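Residue numbers (the numbering used here), protein chains in the order written: chain A, 1 to 203; chain B, 1 to 221; chain C, 1 to 813.
A couple of the hints might just be wrong.
[To be verified] Heads up, incomplete: computed chain B residues facing chain A, CB under 10 Å, no partners named:
| # | residue |
| --- | --- |
| 1 | Pro-75 |
| 2 | Ala-113 |
| 3 | Val-149 |
| 4 | Ile-220 |
Source of the hints: derived by calculation from the structure; they are not laboratory data. Just so you know, these numbers come straight off a predicted model, no measurement behind them. Glycine included, every Cβ here is placed at the ideal spot set by N, Cα and C.
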Amino acid sequence: MRVFTAAFAISSGLIVLLGYFFQIPALMQLRLILTDWAIVIAGFAVLIGIFNLIAVQMEKIRTRQKGSVFGAALVLSLIVTFGFGLLLGPEDPFMRLAVDAVIVPVEAALMAILAVTLIYASMRLLRRRVDLMSVLFLTVAVIFLAAIMPTPFGQLLGSQFIIDFAGMFSRGGARGLLLGIALGTLLTGLRVLFAIDRPYGGN
Amino acid sequence: MPIEFLSAAAGLVLTLLIFSYLIGDNPLFRIAVYLFIGVASGYAATVVWHYVLIPKLFQPMQSSDANQLLFAIIPLILCVSLLTKLSPRISWVGNFAMAILVGVGAAAAVGGAVLGTLIPQSQAAMDALDFRSAGGGSLSFLKLIEGIVMLAGTVFTLGYFQFSAGRAPDGAPKRNILFEGVAWVGRIFIAITFGVLFAGVYMAALTALIERLSSILDFIR
Amino acid sequence: MADIRCPSCGKNNPDFLDVCQFCQTPLKPESMVHTGENPVKKNTGELEPILPQWLRDVRQQARASAEENAAEEAAKPKVQKEPPDLLAGLVSQTREDEDEIPDWLASINPSTKPRSIEAPPPEPKPEKDFFAKFDISKPGQTAPQVDEPIQEDVPSWMAGAADSMQVHEEKDELSAWLAQASAESDKPIELEFDGASQMAGVDQPSFTIKQPETPKAEEDLGWLHALEDSSKGPAQPSAPQPDLNWAPGAEPSQPSAGQEDLNWLNTLGVASEPAAQESTPVQSVPQTDSPDWLTNLDVGHGMEAPSAPVAPFVPRRTAPLDEKSSADSMPDWLKSATEEPSMPAPGALSDWFREADKPPRFDQAQRELSTPQSFDLTQGKPVPLEQGDAPAPAESASLSNQDIDSLFSVTMPDWLSHPEPGAEGAPPSKVEAPGDEAITPVDLPAWVQAMRPVESVISETASVENQPTEREGPLAGLRGVIPIAPIGSSRRPKAFSLKLQASDEQQSAAGILEKILAGEMNPRPLATPAFVTSQRALRWALSGLFILVLGAMIFLQTQSMPISAALPVEVSNISQAIVSLPPNSSVLVVVDYEPALAGEMEAVTGPLLDQLVLLGRPRLTFLATSPNSSALVDRLLANTKISLPAPNGLDYKAGENYFNLGYLPGGSSGVLEFVESPASAIPSAGVHNLSEYAAVILLTDHAESGRNWVEQLDARKRIDPSLANQPLLVAASAQAGPLLQPYVSSRQVTGMVSGLSDAARYEFVNNSRPGIARAYWDSFGVGLLMAIALIAAGSMWSLITGIRARRAEAGAG
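Turn these sequences into a full structure, and let the hints steer you where they fit.
So this is what it looks like as structure tokens:
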């Protein structure tokens, strides 16, 4: 069975990968079919994940664990939202209400308190660790913020130079990071295509 | 009551509940978070149902075309087999669907990394040294400097992530002195990059805070 | 080395130990002598089958020659220290058993001849048979008294002497020998003592045996016949054990017969020996007409008169053999018997000792033996035992004959009951046969040797004289049988120090660990954390500061901070790209950000979309890459006033001016398919090729997802030339912009607006439309100012306090 799943993964991956380099109509068609199946499976996997979330919370409620009340609120809100969504559709104003009243405010608020947390953490950074990299990190951050910061008198002198100079170094570093990420992605993808790694449970 | 008012009121309450975390973790914050997770999950399930499963799975099955029908049954079978992942005993049945998903995703990632990042970025790093394309003059000199700096930043940053090392006489791992120097310079570039990134994250969070406060005040007004 | 687990404490001990080195519990209780326990009478005959085969073979042959071995052992002083043969009580032969009679036995028993005719011809085994060497050439001579009644008189302990040897010829030999011996009444019979002397390691005594009286001989030959008949039972192996030939199992049903039949042993040392009445082919020994062991018997030691019968059951001496004794003259059966190394079956010997206190059952022995006697091999006559010397061993094998036990318990040879003083360390005396044939030393099995008091052990212990005499139990009357080994003797294993060999550093570390562990047991008072701590206070202060200041700024709606009109290059490129788009074209807008940054993205995207809509009125196609992002489209268009009706907005209508394709799952796979064939990925897209879109606008708040689109689009452009001029415009959050800058530098992205700062400038250039960025700008500036101030001040404070703390730790440490 492990061989079959590995064969599935390798064959589908090779077909998709070859389509990047060879424009054979049959290959392209097969590639399109496979990617279509992949996005359908990915969409269904989202439902599987949501169902698993319900199962976990129901188990917590059943076993009367700590925080099961919150789990009950989660399950209830989920079922209500999904139920209305099945009936009304995602474009319905009621569903928009759920987005505008719950999802956006909560997420935005969570992001908002991050600002305070970041400042708090940066203030205490040098208390824990004092080295060149920490000092350089904070210095660059402060300088960059200062360069961007608007003032009633306009931007600070040399802010553009600072932005360009810092940007030049940051671009170089970012390019190196991107290349490193691409190399890592390449290596990981090849390991999957060669069935060295089998994240689909084939090992 | 207008629905917008209710929406705004709910948003206000939830925002304040989330802001209560600044004081400390409390049940109000937790109830808001759990409610958010439930609504978000439900909405996500709705979106998947309406935008993915119905048009790509159920509607093709209503087609009279045999080919289309065949190409709809196979993903349906694969999706149903994915349900077996919920049970440890028969989870192996869903391995085939996962294998297709993983294989296609890995190939797409590899192709994009090679054709979309490795080759173009490498080419761009070399093109940055082509000061002739800048047209000459001081601008070209600046471009050359910029190219050199960017190339150096690229090389030194990649050199920092090379952790292959030999062994010192005392048994401790020790990299080549050249690589040590390259890694040290690479750390400088990385520190600068992360400083800029930190500034960007803070600015994004600050903007979100400003937006939330603005919405609260708009409601109050 | 295999370890033995102590049954008491459960610790492992080396297998050479008998007692646990930790709790002194016997490790092998079944093999230990339990003193003080009341013996339990058992029918040892029932335990015959559990004996090993070699043991059974030995016993079969040895029973018949018990008297010779007893005589040999009596002459060996070493035997005095030997514990009684543990196998003496083994009796497996019952009268019902029809074991094969050994050949040697059959040869001397003329009554077995008729049976021998019926039996198959025996296999010649002269070498092994003791009596075989005495010329097995008179098969015709049979004892006239060989019949069933006589067979019944065979002592029970002799009854088990059957073996698988071919007994027919040997029976006749024995019978002939005994008959000849009886005929030559005046001729001293020399005992052949080869094997026994080697076993005992003592000089062979010279035994002389007188011709037994005829009636007595005839009467006493019955045991041989009985032995012959009994040997026809279950076949027994033919390897006799010299240690056991004197210890056949006693049959309870034949006490009286045994008494009578054992008289021959009593007269072995006298001139007339009942056993020598029969003419036996043994007389055809090359050297003498009688066995050497018989000829060696000293008849001049005052044994003319029938003395009191010696205890027929004389324990064999199991002392180490004399090294000088050659093994060549040792009979084969004795030789092979001594080669057996195996230990007896567990419990096989224990019962033998349990019959120690039983009264002797043989009536004749009781009659003849007024006092316990031992057969003095040196004198060739029975010697009364001293008071208190209990001859019987403490335990006997499980197969011990009750009669033999009683006999053994009653009569104990002097050499067994009176260990010679000072002879512990002395080399064992050697019983020398006067003849040329020397008794070859026999190799005792390991378990037999293990029972003997080892000289090296004994040498470490007190001398026998200094050791107390056992007063109870099976060793009652004996002295020095179990040497008192002081603690630390060689029998104990070398004591190893249990103290851990650790260095000082290790010990100090162990001490620290010990303190830590001890401290774990001590309850520590829970330190109730203060509700208001410095960290929490700082966080509250920061939160309050930000909320208050920013709230004030927002509430005041100030717009005092100017915005620079200088657009960054990337932003200019966007503006130029939008200007170059054809009017009423289709533009793909990818909504790739989460609701968390909806506010910023709306501020960043606003001027871009506003310019786009204002200039070209394109048909916007929105596509989301996350489920919740699909719901942000309407919010985006509403907040940027694009979907608001005129005059407040640009009056863009859903389904007419813009379309929401919904959610595209799959990550990079979904992007790949949409780039390959939009209609295949999203059936409602209405577009078959990506090139039908005039531009692609990517709204992203995450560098990873933005990178996916950039890579797939760029890879597609390499294949599809029609996509070469399609601009890719990116509106990124401030957190994603720096990592997407390299793509802008490489021209994979046409232009990018990143963060509120770029959006404000872009909006300023765009006639401040829609105005979101402008509204946030002042608050944004104040927020940045606070951040700079707080970071700078806090870092300095943390640096100073950190240095102070480290100095304090360094000073304290």
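Consistency of the hints with the structure:
1. Pro-75: 4 Å, holds
2. Ala-113: With Cβ-Cβ at 4 Å, under 10 Å, it holds.
3. Val-149: 5 Å, holds
4. Ile-220: Since chain A brings no Cβ nearer than about 15 Å to B/Ile-220, farther than 10 Å, the hint is violated.
The structure fails hint 4 only (numbered hints given earlier).
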